[in-house]
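Engineer: Letter by letter, the chains look like this.
There are 2 protein chains.
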Amino acid sequence: MAVYTNVADDELAHFLKRYGLGKLLSFKGIAEGVENTNYVIYTETGTHILTLYEKRVRTEDLPFFLNLMEFLAQNGITCPTPIRDVDGNMLQTLAGRPAAVVTFLNGMWIRRPQVEHCTALGATLANLHLVGQKCSLHRNNTLSLSDWRSLYDAFKDEADSIKPGLRTLIEEELHFLENNWPTHLPKGIIHADLFPDNVFFIDQNISGVIDFYFSCYDTLSYDLAICLNAWCFEPDISFNVTKASALLKAYDKVRQIEPAELYSLPIMARGAALRFLLTRVYDWLNTSETAFVARKDPEEYIRKLRFHQTVDDIKAYGFDT
Amino acid sequence: MAVYTNVADDELAHFLKRYGLGKLLSFKGIAEGVENTNYVIYTETGTHILTLYEKRVRTEDLPFFLNLMEFLAQNGITCPTPIRDVDGNMLQTLAGRPAAVVTFLNGMWIRRPQVEHCTALGATLANLHLVGQKCSLHRNNTLSLSDWRSLYDAFKDEADSIKPGLRTLIEEELHFLENNWPTHLPKGIIHADLFPDNVFFIDQNISGVIDFYFSCYDTLSYDLAICLNAWCFEPDISFNVTKASALLKAYDKVRQIEPAELYSLPIMARGAALRFLLTRVYDWLNTSETAFVARKDPEEYIRKLRFHQTVDDIKAYGFDT
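For the record, the sequence lines run as chains B and F. Counted from 1, the first sequence has number 309 at position 309 by our numbering; the numbering is strictly sequential. Counted from 1, the second sequence has number 171 at position 171 by our numbering; the numbering is strictly sequential.
Just so you know, not all the hints are guaranteed correct.
[What the hints assert, rightly or not] Listed next, the in silico DSS-like pairs over lysine-lysine satisfying Cα-Cα at most 27 angstroms (straight line):
| # | chain 1 | residue 1 | chain 2 | residue 2 |
| --- | --- | --- | --- | --- |
| 1 | F | Lys156 | B | Lys28 |
| 2 | B | Lys296 | F | Lys55 |
| 3 | F | Lys55 | B | Lys28 |
| 4 | F | Lys249 | B | Lys28 |
| 5 | B | Lys28 | F | Lys134 |
| 6 | B | Lys55 | F | Lys296 |
These aren't lab readings, by the way, just hints derived from the structure by calculation.
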């Protein structure tokens, strides 16, 4: 939620001459996206978003992200669509940063998702997975199981300063997942960060999916597990089985969940919980309390992980085979 | 440049039902305004700005500011115009804060103002003063000469920690101004904070004036002096007499500057420089280095004050009587 890079009016007006968007009328830095700087820009032809990519996004990954968004948009997934400049480029440089202009999407993210939002999410996620399977773009997940241990190693000596027993919890969970992680499930393009703030709604309908900067080629049901964690717990971290049921059934209706995917969903959910627990602990220990970016409490994902550790049947998620 | 108060989607949709603006389609927190939280809101009927007033603005002053903006807009000064709700109110409450919805203005503020921008500014400022004189609203300046000494007293023992000699500089300047401040110059509504970031341009034309949250009833030429300081120095704090000349001549063409105003302009400029020096020093000493809000270096206004101390004739500002 920050504007890290300031852009001057004349600099932006000059930059936009590369795009056929007409004269620049106004622009505002917006508090959206933790990783990058975003501006809403108003030109004679309409409203767009300008993104300046900050250091946390690897420049070599940007062509994948931008091409993926273009591919998805062309195949019926409403997402920010990169605008090509006069030379056909989607990626430019502005204020010393890689920069792209994308379409503006109406809609708002839902602070308190209800069952109907989980239904809409399930269908959209399944659609995204189906469309992604037609896509030849490839990017490895840089936050997959094999990366979790090195992330853990970087902070393990300090883990218990956050909560006594956290080191043992993570150590044992890593050990379990390394020995039980399924490797032969269907794979494809996943969003990998489909939290409520990345899904725009108008009324009960999804009007767009944003922020593809973690997307990659990985296990499809891992994406579903990320959503279970991000959408189906109440603020007190009690699990809402009605929401989970709605999410899974709506997904299954569009892309049938295979038996092996169903069977291993609790493990996927544990992995998804651990992945966000690890990055939150890392950020907690490496971000000062007064920093610009809000730290997210790791406790939330400790409790989500513990919940999934108790699940031994998909019925706990409200899905009956 | 911050979003201090978060508003939820459903809370905002409910709030907007009071206004005849149609369904809420999208909203974004914007990095604009140091004092308040601002959102751009998109509804079926267009784009507006929602402002939540934070603690630095006194709630009892809000009716003055909102009524003034409405009056100015109705009298040809393009500025954010408060939208009245179904009951005719301009001021509401949202997320526990006083809140108002105002019109959205196209245009951008100029990071590097040129002579032609100073010309446009002069004419607009004079127009604002003329229109303001027809306005019966009243608010005392809470940052006028009589308030400067108590501001100074609050930090005087620490002043030299910023720069050796600063305490003496301010002490002597306060003494001089208290003994020489002209009290019989024309008064009226002034903006009192007309820095470049509060004036929107499209090309060389002013498309709007924003941020009236310091405006008050005070000496008109003091407003002109604030602009001389804010618009007519180069980044190295050399004084650009061509810009000053353009500003004063354009102002004078719309509202003739009286001889007494001209004669005392160097004193007004010293006062204007001291006023911003005082608040910058205060903020510098009372804002932690890592805080959300950028501190502004007091050095800039030390040097501006010293420049005006050397001026004994209006010719130094490029204005020939």
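Engineer: For every hint, state whether the structure bears it out.
Structural biologist: Hints and how they fare:
1. F:Lys156 - B:Lys28: violated (38 angstroms)
2. B:Lys296 - F:Lys55: The hint holds at about 26 angstroms.
3. F:Lys55 - B:Lys28: Judged against 27 angstroms, a Cα distance of about 23 angstroms means the pair holds.
4. F:Lys249 - B:Lys28: violated (32 angstroms)
5. B:Lys28 - F:Lys134: This hinted pair is violated, its Cα atoms lying about 33 angstroms apart.
6. B:Lys55 - F:Lys296: Holds, at roughly 26 angstroms.
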